[in-house]
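Model the full assembly from the supplied sequences, consistent with the hints where possible.
All residue numbers for the sequence shown refer to my numbering, where the first residue is 200 and numbers rise by one.
Think of the hints as simulated: they come from the structure by calculation, not from any bench. Source: prediction; values computed, not measured. Just so it is clear, CB atoms sit at the ideal spot from N, CA and C, and this is done for glycine as well. Incorrect hints may appear among the rest.
As the list claims (entries may be wrong) - What follows is a set of in silico ranges between Cβ atoms, one per label pair, in the way DEER data are often shown: (1) V578 with S298: 46 to 54 angstroms; (2) F265 with T583: 29 to 37 angstroms; (3) W556 with S206: 47 to 55 angstroms; (4) L448 with I273: 40 to 48 angstroms; (5) N243 with L582: 46 to 54 angstroms; (6) H362 with R466: 42 to 50 angstroms; (7) D496 with L412: 35 to 43 angstroms; (8) M246 with M332: 42 to 50 angstroms; (9) G356 with S329: 39 to 47 angstroms; (10) N243 with P555: 20 to 28 angstroms; (11) E436 with G356: 17 to 25 angstroms.
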Amino acid sequence: MPTETPSLSIRITMLLLASLTIMSGALIATSLPGIEARFANHENVVMLSRLVLTLPGLFVAIGAPFAGAIADRIGRKPLLLVSLLLYGTAGASGLFADSLSGLLIGRALLGLAVAGTMTTATALVGDYFSGDMRDRFMGYQVAFTGLGGLVFIAGGGVLTELHWRSPFAVYAIAFLLIPAVLKVLYEPEPVRHEPGHVPADDVTRRDILLVALFCLIAALNSTAFYLIPTQMPFYIEKLGIAPASGTGLAMGLLPLASAIASLNYGRLRRHFTIPALFAIGFGIMAVGMNLIALTQDYFGIAGSIGLTGLGLGMVISNMMAGAMAVAPPSIRGRVAGVLTASIFIGQFLSPLISQPWVDAFGYRAIYHDMGMLVGCFAVVGLLTAIRRRISVTA
Numbered sequence: 200m201p202t203e204t205p206s207l208s209i210r211i212t213m214l215l216l217a218s219l220t221i222m223s224g225a226l227i228a229t230s231l232p233g234i235e236a237r238f239a240n241h242e243n244v245v246m247l248s249r250l251v252l253t254l255p256g257l258f259v260a261i262g263a264p265f266a267g268a269i270a271d272r273i274g275r276k277p278l279l280l281v282s283l284l285l286y287g288t289a290g291a292s293g294l295f296a297d298s299l300s301g302l303l304i305g306r307a308l309l310g311l312a313v314a315g316t317m318t319t320a321t322a323l324v325g326d327y328f329s330g331d332m333r334d335r336f337m338g339y340q341v342a343f344t345g346l347g348g349l350v351f352i353a354g355g356g357v358l359t360e361l362h363w364r365s366p367f368a369v370y371a372i373a374f375l376l377i378p379a380v381l382k383v384l385y386e387p388e389p390v391r392h393e394p395g396h397v398p399a400d401d402v403t404r405r406d407i408l409l410v411a412l413f414c415l416i417a418a419l420n421s422t423a424f425y426l427i428p429t430q431m432p433f434y435i436e437k438l439g440i441a442p443a444s445g446t447g448l449a450m451g452l453l454p455l456a457s458a459i460a461s462l463n464y465g466r467l468r469r470h471f472t473i474p475a476l477f478a479i480g481f482g483i484m485a486v487g488m489n490l491i492a493l494t495q496d497y498f499g500i501a502g503s504i505g506l507t508g509l510g511l512g513m514v515i516s517n518m519m520a521g522a523m524a525v526a527p528p529s530i531r532g533r534v535a536g537v538l539t540a541s542i543f544i545g546q547f548l549s550p551l552i553s554q555p556w557v558d559a560f561g562y563r564a565i566y567h568d569m570g571m572l573v574g575c576f577a578v579v580g581l582l583t584a585i586r587r588r589i590s591v592t593a
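In structure tokens, the structure reads:
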């Protein structure tokens with residue numbers, strides 16, 4: 200249990216580490232047309248050039264559970280340092296890759312690096328912070344990640360105008376974080392048990408069930424989140440209500456609103472229980488997504504996207520803080536790993552689930568039906584909060 204407030208340098212370093220996750224994908228989004236043109240003679244270039252963007256997410260999902268186990272076994276800092284080295288090297292490899300397969304290999308290795316950085320950064324929040332302080336900082340971390348996405352997308356677009364390879368140079372920023380990790384961050388004191396034995400009172404069946412529930416929520420939240428960037432541009436284009444720039448502005452409200460909700464998570468957590476905040480967050484998401492389905496004018500859809508973002512930010516902050524609160528220190532790295540994997544599994548599955556649904560029933564149906572699904576989770580959260588309130592007052 201942390202007993203001291205982490206220093207400002209620790210908090211800044213932790214926030215910078217969190218930004219590496221969103222940077223892994225957002226930074227090169229605008230380079231995709233240039234990549235397709237550069238490797239135009241490659242077979243299946245249309246599909247493979249888009250895989251450059253999504254492949255890291257798949258390898259994060261594969262690598263995160265292993266990263267969590269390694270972090271619990273050998274410590275957070277060794278894994279974090281190796282991951283930063285791999286992140287900078289694999290990310291910047293796009294500057295020199297002379298084949299599409301080489302570019303994809305670098306992106307896969309980048310995904311493994313993100314698995315290490317995100318897992319250890321999440322576990323360290325649980326190690327360094329506790330109680331209200333953990334809730335506040337987790338909200339700040341989620342908000343910083345969301346705002347970083349806006350910065351990296353815009354910055355990547357500016358750099359792409361110089362050359363499609365230019366954004367890949369930014370990944371080398373990871374090397375600059377290594378001295379900060381070495382000097383500022385400290386290795387949490389390990390929880391010592393007999394080899395191969397974890398006490399029964401350390402990890403209970405209830406802990407495991409709660410972590411599984413948080414992982415389910417993580418996958419659902421991520422699947423819902425990516426309905427906006429993967430389907431909304433095509434929906435707005437079909438409606439013919441805005442140019443591409445207007446679509447980008449509307450979609451930008453999603454991470455912006457999510458960041459606003461996350462920044463206020465610590466304050467909300469002082470007044471509401473975790474189940475109650477899930478009820479509120481999923482409820483706001485349900486209203487936002489159903490409004491997207493019902494509204495067909497630009498400002499109505501943009502406002503509905505912003506409303507959805509408020510709910511998403513609340514849910515993801517609550518999910519991350521809640522999982523770290525229930526995770527015993529001895530398995531906190533593994534919990535962070537499976538939670539990270541669940542987030543990226545949802546990201547990977549979102550277009551695979553939504554596109555057949557859109558093809559069969561249309562864009563309005565996917566937003567309406569997802570809104571109803573998250574609404575069911577809101578009802579479950581509300582009933583759980585009421586039940587807990589009754590049991591406390593009885």
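* To do: With 46 to 54 angstroms as the target window, see if N243 and L582 comply at their CB atoms.
  => At 49 angstroms between Cβs, range holds.
* To do: Starting from the hint 42 to 50 angstroms, judge whether the C-beta atoms of M246 and M332 obey it.
  => Since the Cβ atoms of M246 and M332 sit about 46 angstroms apart, the hinted range of 42 to 50 angstroms holds.
* Given the hint of 40 to 48 angstroms, check if L448 and I273 actually sit that far apart at their C-beta atoms. => Holds - the Cβ-Cβ distance for L448 and I273, about 45 angstroms, lies within 40 to 48 angstroms.
* To do: State, for the Cβ atoms of H362 and R466, whether the hinted interval 42 to 50 angstroms holds or is violated.
  => holds, 44 angstroms
* Are G356 and S329 spaced within 39 to 47 angstroms by their CB atoms? -> holds, 40 angstroms
* To do: Can you let me know if the beta-carbon spacing of W556 and S206 is within 47 to 55 angstroms?
  => Holds - the Cβ-Cβ distance for W556 and S206, about 48 angstroms, lies within 47 to 55 angstroms.
* How does the Cβ-Cβ distance of D496 and L412 compare with 35 to 43 angstroms: does it lie in that range? -> Holds, since D496 and L412 (Cβ atoms, about 38 angstroms apart) stay within the stated range.
* To do: With respect to the beta-carbon atoms only, verify the hint that N243 and P555 lie 20 to 28 angstroms apart.
  => holds, 21 angstroms
* Supplied distance hint 29 to 37 angstroms, evaluated on CB atoms of F265 and T583 -> holds, 32 angstroms
* Asked: Using the C-beta atoms of V578 and S298, is the stated range 46 to 54 angstroms upheld?
  -> holds, 51 angstroms
* Asked: Cβ-Cβ distance between E436 and G356: within 17 to 25 angstroms?
  -> holds, 19 angstroms
Taken one by one, the earlier hints all hold for this structure without exception.
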